[in-house]
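S.K.: These are the residues of each chain, in order.
Protein chains: 2
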Amino acid sequence: MSNEKVISDIEIAQKAALLPVGAIAAKLGLSEDDIEFYGKYKAKISFEKMKEVESQPEGKLILVTSINPTPAGEGKSTVTIGLGDALQQLGKKTMIALREPSLGPTMGMKGGAAGGGYSQVVPMEEINLHFTGDIHAITTANNALSALLDNHIHQGNELQVDQRRILWKRAVDLNDRALRQIVVGLGGPGQGVPREDGFDITVASEIMAVLCLAADLQDLKKRLSRMVIAYNIHKQPITVKDLGVEGALTLLLKDALKPNLVQSIEHTPAFVHGGPFANIAHGCNSVIATKTALKLADYVVTEAGFGADLGAEKFLDIKSRAAGLSPSAVVIVATIRALKMHGGVAKDELQKENVSALEKGLENLKKHTETIGHFNLPFVVAINRFSSDKDSEITLLKEWCQKHSISVSLTEVWGKGGKGGLDLGEKVLEAIQNNSGTFSFLYDEDLPLDEKIRTIVQKVYGGRHVEFSVKASQQLKQFNDIGWSHLPVCMAKTQYSLSDDPVKLGRPCDFTIHVREMKPKLGAGFIVVLTGEVMTMPGLPKKPAAYQMDVSEEGKAIGLF
Amino acid sequence: MSNEKVISDIEIAQKAALLPVGAIAAKLGLSEDDIEFYGKYKAKISFEKMKEVESQPEGKLILVTSINPTPAGEGKSTVTIGLGDALQQLGKKTMIALREPSLGPTMGMKGGAAGGGYSQVVPMEEINLHFTGDIHAITTANNALSALLDNHIHQGNELQVDQRRILWKRAVDLNDRALRQIVVGLGGPGQGVPREDGFDITVASEIMAVLCLAADLQDLKKRLSRMVIAYNIHKQPITVKDLGVEGALTLLLKDALKPNLVQSIEHTPAFVHGGPFANIAHGCNSVIATKTALKLADYVVTEAGFGADLGAEKFLDIKSRAAGLSPSAVVIVATIRALKMHGGVAKDELQKENVSALEKGLENLKKHTETIGHFNLPFVVAINRFSSDKDSEITLLKEWCQKHSISVSLTEVWGKGGKGGLDLGEKVLEAIQNNSGTFSFLYDEDLPLDEKIRTIVQKVYGGRHVEFSVKASQQLKQFNDIGWSHLPVCMAKTQYSLSDDPVKLGRPCDFTIHVREMKPKLGAGFIVVLTGEVMTMPGLPKKPAAYQMDVSEEGKAIGLF
Numbered sequence: 099m100s101n102e103k104v105i106s107d108i109e110i111a112q113k114a115a116l117l118p119v120g121a122i123a124a125k126l127g128l129s130e131d132d133i134e135f136y137g138k139y140k141a142k143i144s145f146e147k148m149k150e151v152e153s154q155p156e157g158k159l160i161l162v163t164s165i166n167p168t169p170a171g172e173g174k175s176t177v178t179i180g181l182g183d184a185l186q187q188l189g190k191k192t193m194i195a196l197r198e199p200s201l202g203p204t205m206g207m208k209g210g211a212a213g214g215g216y217s218q219v220v221p222m223e224e225i226n227l228h229f230t231g232d233i234h235a236i237t238t239a240n241n242a243l244s245a246l247l248d249n250h251i252h253q254g255n256e257l258q259v260d261q262r263r264i265l266w267k268r269a270v271d272l273n274d275r276a277l278r279q280i281v282v283g284l285g286g287p288g289q290g291v292p293r294e295d296g297f298d299i300t301v302a303s304e305i306m307a308v309l310c311l312a313a314d315l316q317d318l319k320k321r322l323s324r325m326v327i328a329y330n331i332h333k334q335p336i337t338v339k340d341l342g343v344e345g346a347l348t349l350l351l352k353d354a355l356k357p358n359l360v361q362s363i364e365h366t367p368a369f370v371h372g373g374p375f376a377n378i379a380h381g382c383n384s385v386i387a388t389k390t391a392l393k394l395a396d397y398v399v400t401e402a403g404f405g406a407d408l409g410a411e412k413f414l415d416i417k418s419r420a421a422g423l424s425p426s427a428v429v430i431v432a433t434i435r436a437l438k439m440h441g442g443v444a445k446d447e448l449q450k451e452n453v454s455a456l457e458k459g460l461e462n463l464k465k466h467t468e469t470i471g472h473f474n475l476p477f478v479v480a481i482n483r484f485s486s487d488k489d490s491e492i493t494l495l496k497e498w499c500q501k502h503s504i505s506v507s508l509t510e511v512w513g514k515g516g517k518g519g520l521d522l523g524e525k526v527l528e529a530i531q532n533n534s535g536t537f538s539f540l541y542d543e544d545l546p547l548d549e550k551i552r553t554i555v556q557k558v559y560g561g562r563h564v565e566f567s568v569k570a571s572q573q574l575k576q577f578n579d580i581g582w583s584h585l586p587v588c589m590a591k592t593q594y595s596l597s598d599d600p601v602k603l604g605r606p607c608d609f610t611i612h613v614r615e616m617k618p619k620l621g622a623g624f625i626v627v628l629t630g631e632v633m634t635m636p637g638l639p640k641k642p643a644a645y646q647m648d649v650s651e652e653g654k655a656i657g658l659f
Numbered sequence: 099m100s101n102e103k104v105i106s107d108i109e110i111a112q113k114a115a116l117l118p119v120g121a122i123a124a125k126l127g128l129s130e131d132d133i134e135f136y137g138k139y140k141a142k143i144s145f146e147k148m149k150e151v152e153s154q155p156e157g158k159l160i161l162v163t164s165i166n167p168t169p170a171g172e173g174k175s176t177v178t179i180g181l182g183d184a185l186q187q188l189g190k191k192t193m194i195a196l197r198e199p200s201l202g203p204t205m206g207m208k209g210g211a212a213g214g215g216y217s218q219v220v221p222m223e224e225i226n227l228h229f230t231g232d233i234h235a236i237t238t239a240n241n242a243l244s245a246l247l248d249n250h251i252h253q254g255n256e257l258q259v260d261q262r263r264i265l266w267k268r269a270v271d272l273n274d275r276a277l278r279q280i281v282v283g284l285g286g287p288g289q290g291v292p293r294e295d296g297f298d299i300t301v302a303s304e305i306m307a308v309l310c311l312a313a314d315l316q317d318l319k320k321r322l323s324r325m326v327i328a329y330n331i332h333k334q335p336i337t338v339k340d341l342g343v344e345g346a347l348t349l350l351l352k353d354a355l356k357p358n359l360v361q362s363i364e365h366t367p368a369f370v371h372g373g374p375f376a377n378i379a380h381g382c383n384s385v386i387a388t389k390t391a392l393k394l395a396d397y398v399v400t401e402a403g404f405g406a407d408l409g410a411e412k413f414l415d416i417k418s419r420a421a422g423l424s425p426s427a428v429v430i431v432a433t434i435r436a437l438k439m440h441g442g443v444a445k446d447e448l449q450k451e452n453v454s455a456l457e458k459g460l461e462n463l464k465k466h467t468e469t470i471g472h473f474n475l476p477f478v479v480a481i482n483r484f485s486s487d488k489d490s491e492i493t494l495l496k497e498w499c500q501k502h503s504i505s506v507s508l509t510e511v512w513g514k515g516g517k518g519g520l521d522l523g524e525k526v527l528e529a530i531q532n533n534s535g536t537f538s539f540l541y542d543e544d545l546p547l548d549e550k551i552r553t554i555v556q557k558v559y560g561g562r563h564v565e566f567s568v569k570a571s572q573q574l575k576q577f578n579d580i581g582w583s584h585l586p587v588c589m590a591k592t593q594y595s596l597s598d599d600p601v602k603l604g605r606p607c608d609f610t611i612h613v614r615e616m617k618p619k620l621g622a623g624f625i626v627v628l629t630g631e632v633m634t635m636p637g638l639p640k641k642p643a644a645y646q647m648d649v650s651e652e653g654k655a656i657g658l659f
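Residue numbers (the working numbering), protein chains in the order written: chain Z, 99 to 659; chain G, 99 to 659.
Just so you know, the hints here were simulated from the structure itself, not pulled from any lab data.
All values reported here derive from a predicted model rather than from experimental measurement.
Heads up, some of the hints might be wrong.
Since copy identity is lost for identical chains, a pair holds within one copy or between any two.
Lysine-lysine pairs mimicking DSBU-like chemistry, simulated, CA-CA at most 30 Å apart [stated by the list, open to error]:
id, residue 1, residue 2
1, 602, 557
2, 501, 488
3, 320, 640
4, 149, 113
5, 138, 125
6, 602, 517
7, 339, 557
8, 333, 641
9, 654, 138
10, 191, 138
11, 464, 501
12, 640, 333
13, 320, 654
14, 138, 149
15, 138, 517
16, 138, 113
17, 654, 339
18, 393, 138
19, 320, 138
With these hints in hand, go ahead and build the complete structure from the sequences.
M.R.: Right under this line is the structure:
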């Protein structure tokens, strides 16, 4: 029941006795011919097998989301994995479906992102490093597109690309602030055409979103073809298809599209596949992994990035709409520590008992439960327990949930694995069984873009007004004229607050959301709506996690957390 | 006996019946526990197994090199693979050891680089695309170092890095001329420190050279630690160790260091591992692959980049010196077409009989045979036959070889696989058996840098003088003062001519080599000597090969040649 790191995640992961990935596949009814091995503990599912299982009945989908994240930590991935393990312990044929981690944060702040404690997916070092190369394939495709576009301009610019209006940026899967704004093509006529450019972190590349939303290889190619990369001198959009390189990009991404099979420490089969940013993109694992998991298991536990205002809304309005998914239940993760922060407590005061701050902070949780209600979905609140949680705080929390008729479970998956999530598992199964409602989207896709935004702001964020900048207003008109207004919107907003001001914790009211700019992502199939400052290339801190990384004499990874 | 592409390389490769890589490993006495699978037809050898075979006796090493390359094509990789297959047909336990292809040229000019016709390594699509991710790991390590260096400067610059004197460049495994000269860190104080930078193609990164010369994981880390990345404001070199990130880089490269096992179309086991540029680096596959192959097989056929003046000289003076290798024989590949070009024939006139041009062009071949003689090694000339070769030309060639007591073999490995190289195989075995000489380096490492350069220019290139630019002269003194003069030199020169002028074909005499600049590569353990213009980031042509690439409906690669 403790999240104190007496033993580190990597130590637990390295001590875990893994099953050969063939044995994990066998649990799902897959033979060794259905998978492609990447070492002993990782595999990809073949396209043939995915095609073959398409006619099988679908399992139940459980979405794990959270309150607005705080520096206190919520442990959403940990709960997702622990819940999967718990359902397996309860005798259910279960799969976990997660995003794959980006090397940028791994080498920067976090050191790893594959769950924690006894609720991890393994081999955690490989998942956190190059894994099966999916993200490298996306980086390569992204930058090949840039190189081919710059070469097109250099070789005569037949498409009349306006080099001041290029939307496509280069990418690297690292935190590298020096690449945010650059000038390329310097050095004279032999070195290309000078222009402003920049690098995004790869997980913010539209190609990542495209890969995660593609139904199959043909759909991947169609989506890549549609991506708008620039405007021409007549301000008309230029797509990948206009440039004629969708075949090459598809070829580069062919294997990356296949889901990666690994296991939890308790040998629950897990797909770890795709990892788009939850701000500039929709922030969930791939459609192809989720759908294949639903064919192979009776229960699939998956998660969406950031809090329910961002991740769950996009999971439900974007991913579920694109893929025809219909979740059966939602789990909202919170911790008492984080709720106290939402109630106004500073990070270094979290150890102290503070019932009134907790009560105030619960308003943030309340809003997210209402949001899930707007989608007509049953939910369970999962409190990820810490040893610092006080009895009085737990009592208050339980009373509060009872008062609001909210199903709540105290989980200890970090310290106990699936066993610590059995109660949560039972409550989720109960919620699914008792549910008689029908999942519905928050908005209709025929609504104009600004109405879609207003609906999300009012129903999901609890705000009052939406203010569009001059640029955003012009874009509303422009995008409508081009014929893009039927697309879902992908909100890019700070994850820390329901509002667009990261310091407004708890449950702010009556606020205005400021739309700064919009970005057409025709391949992904949505319009990104930027509110406030949104970072698509993180920087490194003063002492990056990389400084602690090493390899032992026996060749083992050191310094991933 | 024809290299006309009635059937393309990719068609031949895709029709080939591959053995599971476990069966290929078994030929070498390796069990499935000794290898790590990457799909069904690729595997890496475990560090444990490499350690275990260290005590086994070593096989014979055969180095394949060529005349100065021409646009007519020589087919060095094809002959290397064909010779390996021939030796296998002759009942010898054989391995092939090749470089892994870079995506840049694959997507730019060439479409692929895994041999040709019936002498290919397979699965050729995977080898030509992401393969096992080695090059992506190198790109990532290269750029992580850049990001960490720029972050160090941004966060206070404790090491006093002179940002005008940063040697380390970023890398991408693509042909992208727009990235040759760039400015990074623009956009204000939050975005890092503005400075000039540039991208090299990944295979030109020093990390590629380091990986290819490392004896093991510990040596890899030592070499990475030594890399000089910048000078400080006192003009003293700053290394990776000074920055303190050698552990993180080693961790990123841990799996990339393990050799990749694949097979030829005739199921000869092949390591395809490492691929440093042959100009800015030494241009051969990894030491670890070559040495492991020598422990696993009785005969190992390997190749070095470009002609014998560049690739073979560096293979022998740099790689063999660093790794304690001692080749048993050399094969010098030529074609009648290419020799005619060296004799002055234009590319579109090559179909026509031209005995006198051939005779003149043979002088180029002659020089390379003399070079191999300087190393005291036996050699066989392999003529890669084309259907356009005329009887009169073949007769002249044979007479010329007889006159100079040169062992020559006409090979037809492109069209016939190993069967087309049986005569070559026999002659190579004969050369090894009859050899009584002892391999020796061209120069002693204690010679001053300029004397090493002069030795190579006079003995290998057949030139007379070496002229140092003002900058190069200053560097000779500076490098001597710092204590780098004991290092081997890695010549960067045009591959097309023995001189530094790419249009001087055949066997130019009395020329001067102009040394423009030198670059310290302390991790690789050599000083790069730049003569003339040397490109470390290629550009794309008007119609890149990428435009023909695609994926079929069944998920097969299209458009790799």
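S.K.: Now look at each hint and say whether the structure bears it out.
M.R.: Verification of the supplied hints:
1. Within a single copy, residue 602 and residue 557 get their C-alpha atoms as close as 18 Å, which meets the 30 Å cut-off; across copies the closest is 75 Å, which misses it.
2. Proximity of residue 501 to residue 488 under the C-alpha cut-off of 30 Å is restricted to the intra-copy arrangement: shortest distance 20 Å within a copy versus 96 Å between copies.
3. In this homomeric assembly, residue 320 and residue 640 come within 30 Å of each other (Cα to Cα) only across copies, at 25 Å, whereas the closest approach inside a single copy is 42 Å.
4. With identical chains, the CA atoms of residue 149 and residue 113 are at most 30 Å apart between copies only, with a shortest distance of 24 Å across copies and 36 Å within one.
5. Taking identical chains as interchangeable, the C-alpha atoms of residue 138 and residue 125 lie at most 30 Å apart whether they share a chain (16 Å) or sit on different chains (21 Å).
6. In this assembly of identical chains, residue 602 and residue 517 lie within 30 Å of each other by CA distance neither inside one copy nor across copies; the values are 36 Å within and 76 Å between.
7. With identical chains, the CA atoms of residue 339 and residue 557 are never at most 30 Å apart, being 38 Å at best within one copy and 54 Å at best between copies.
8. Taking CA atoms no more than 30 Å apart as the test, residue 333 paired with residue 641 passes between copies only; the shortest distance there is 25 Å, against 44 Å inside one copy.
9. Proximity of residue 654 and residue 138 under a CA criterion of 30 Å is satisfied in both settings, with 15 Å inside one chain copy and 25 Å between copies.
10. Taking the closest pair of Cα atoms, residue 191 and residue 138 come within 30 Å of each other both inside a single copy (23 Å) and across two copies (28 Å).
11. Taking identical chains as interchangeable, the C-alpha atoms of residue 464 and residue 501 lie at most 30 Å apart only when both belong to the same chain, with a minimum of 12 Å there against 94 Å between chains.
12. In this homomeric assembly, residue 640 and residue 333 come within 30 Å of each other (Cα to Cα) only across copies, at 25 Å, whereas the closest approach inside a single copy is 42 Å.
13. Only between protomers do residue 320 and residue 654 lie at most 30 Å apart by alpha-carbon distance; the minimum there is 17 Å, versus 42 Å within a single protomer.
14. Within a single copy, residue 138 and residue 149 get their C-alpha atoms as close as 25 Å, and across copies as close as 20 Å, so both meet the 30 Å cut-off.
15. Taking the shortest alpha-carbon separations for residue 138 and residue 517, only the intra-copy value of 27 Å comes in at or below 30 Å, while the best inter-copy value is 37 Å.
16. For a Cα distance limit of 30 Å, the shortest separation of residue 138 from residue 113 qualifies both inside one copy, at 16 Å, and across copies, at 28 Å.
17. Proximity of residue 654 to residue 339 under the C-alpha cut-off of 30 Å is restricted to the inter-copy arrangement: shortest distance 20 Å between copies versus 45 Å within a copy.
18. Within a single copy, residue 393 and residue 138 get their C-alpha atoms as close as 24 Å, and across copies as close as 25 Å, so both meet the 30 Å cut-off.
19. For the homomeric pair residue 320 and residue 138, the shortest alpha-carbon distance between copies (29 Å) is at most 30 Å, but the shortest distance inside one copy (34 Å) is not.
Violated hints, listed in ascending order, are 6, 7; each of the other numbered hints is respected by the structure.
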